[in-house]
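Construct all of the structure, not just a fragment, from the sequences and the given hints.
Chains as they are written, first to last, in the working numbering: chain A, 18 to 179; chain B, 234 to 650.
Just so you know, not all the hints are guaranteed correct.
Said to hold, decoys possible - List time: in silico SDA-like cross-link candidates among lysine to any residue, alpha-carbon distance up to 25 Å:
1) K642(B) with E576(B)
2) K411(B) with E158(A)
3) K278(B) with G81(A)
4) K286(B) with I161(A)
5) K286(B) with L44(A)
6) K546(B) with A602(B)
7) K246(B) with M234(B)
Read the hints as simulated data drawn from the structure, not as lab findings.
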Amino acid sequence: MSTGRVWKYGDNVNTDVIFPGRYTYALMPLEEMARHAMEDLDPEFAKSVKSGDVIVAGKNFGCGSSREQAAACLRAAGVKAVVAKSFARIYFRNAINLGLAVLQCDEAADSLASGDEIDVDFSAGTITSGNRTFKFFPLPESVIGIVQAGGLIEYTKKKLGL
Amino acid sequence: MGQTFSEKILGRKAGRVVRAGEVVTISPDYCLSHDNSAAIIGEFKKIGVPQVKAPEKIIIILDHIVPAADEKYAQNHKTIREFVREQNLPHFFDIQHGVCHQVLPESGLALPGKVIVGSDSHTTTYGAFGAFAAGIGRTEAASIWATDEIWLRVPETLRVEFHGRFPEGVFAKDAVLKLIGDQGADRGNYEAIEFAGPAAGEFSLSSRMTLANMAAEMGAKNGYFEPDALTIAWVKARTLQEFEVVLSDPGATYEAVLSYDLSKLEPQIACPHTVDNVKPVSAVAGKPVQQVLIGTCTNGRLEDLEIAARILKGRKVHPQTRALVFPASRVVFLEALRKGTIEILSEAGCVIMNPGCGPCLGAHEGLLAAGETVVSTSNRNFRGRMGNRDSEIYLASPATAAATALEGKITDPRTRL
Ligand code: SF4
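Shown next, in the form of structure tokens:
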């Protein structure tokens, strides 16, 4: 299994700082969206994020507008999962339906720090970092399937054999 | 460990014991959409299946921009009607019926224990009948059409207990505005809100619908009232379908329990431009108002029109104010017509409009000009919601709206009863 690094943020990371409002009406390809990810919160992020990295945050991640790009840009940037204490409702649904894993885990959110090595085992429902292991509610097969297929429409197509 | 009604309903659907925070994949009982069905049809076509999986579960109600305000909406409606015919969808309600959240329960489709999802944020309304009812996105609705499945996160539950009796001139709308004002618009994020306590059972079903409807304005996934004899009699009068009453266990785990004494409440009003910017009506009384809107899925039912008629009977709407009345449905309209309520409102100078959403979402039928102020019985007052960014929307009860129409300025209804 591949491990990634933790990018740690606080509470109430809103969709405006994840994907700035000034770009929402510009139709842009995914790679370009990835270049603006977290732009207004952490300019370093888009430059150095690597595939397999994980965002760890506090409460209410993804609050604010319902823009779907805020989930799509992180996935496009290679983020393997977002681990937080809680997610704004619409963000949580958008994320999964667009293929981004969102995991709720208080302990991991409290204990992990930026730069920690991290790995997520979706089917076991565990997050490991060194010798620390945290449990989150394992996502059901179907939801993991949506994330792995890259989103709900692709997942549904695949499921129906189309 | 006791379970909440959400854990129980979703657990039954999933076929195992579940608890808050888990994600389940289930087959919902109904999937609602409205004029946005045109967009859902587009997503559905992308998936590429020829037929919807469970036509009997799809409910489509045209209500948002009815009758069509322009060519574009007319085309959308046409696309939807063709799809309904082609797919043989039995639960289709064309433009004459009214607002979806009123029509669906009136048609005997909002039943205790059912899981109802809808591509509209105020789908929470059916919690008034003890259903698990939540808003979803358009892509998700398309996927349900294709697969008859959806994933849902089992919500934590916030319990709100009501005690005491409403004083004269104070209503369910005031209670829910007070709650949102005190707690903030994201207090119930992703949660179920269970409305309980000794006073909850005394609320009429219309009032319960007002509260469950506005649970969405606290960020909640769903609202809930425990079904009682009133609920059962109401739904049995509208359907022969079987249903199962699901109650929270006595030892259920709540995220928090809040308590409100209704007897201490005074009329409330949400001021521009957020629903949680709530003040007592007395604090903003006297502000001139150019338009009053009585209606919508929040407060367009018979009891709402009746309280407005009580205030306006034999009097006239202020000459500098326009009062628009949108009965929530054709059924409500007919009842109000037969009881003479419509006559009273019309004689007072109200404009009686067709059942539907009207200007609530800012598309047509009574939009505002820059600098105008409206007092509306609806549920959202975001900037520009009723058509103009430079207008101001205040949200209040039908009584406050009617008293305001009479005076031409924001008025505490207790002085007018
Ligand atoms: S009346 Fe307003 S809030 Fe209710 S469904 Fe229609 S547009 Fe939405």
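Structure-based check of each hint:
1. K642(B) with E576(B): 24 Å, holds
2. K411(B) with E158(A): Status violated; Cα separation ~42 Å.
3. K278(B) with G81(A): 30 Å, violated
4. K286(B) with I161(A): 22 Å, holds
5. K286(B) with L44(A): It is violated: about 33 Å lies between the C-alpha atoms, which goes past 25 Å.
6. K546(B) with A602(B): 29 Å, violated
7. K246(B) with M234(B): 19 Å, holds
The earlier numbered hints that this structure contradicts are 2, 3, 5, 6.
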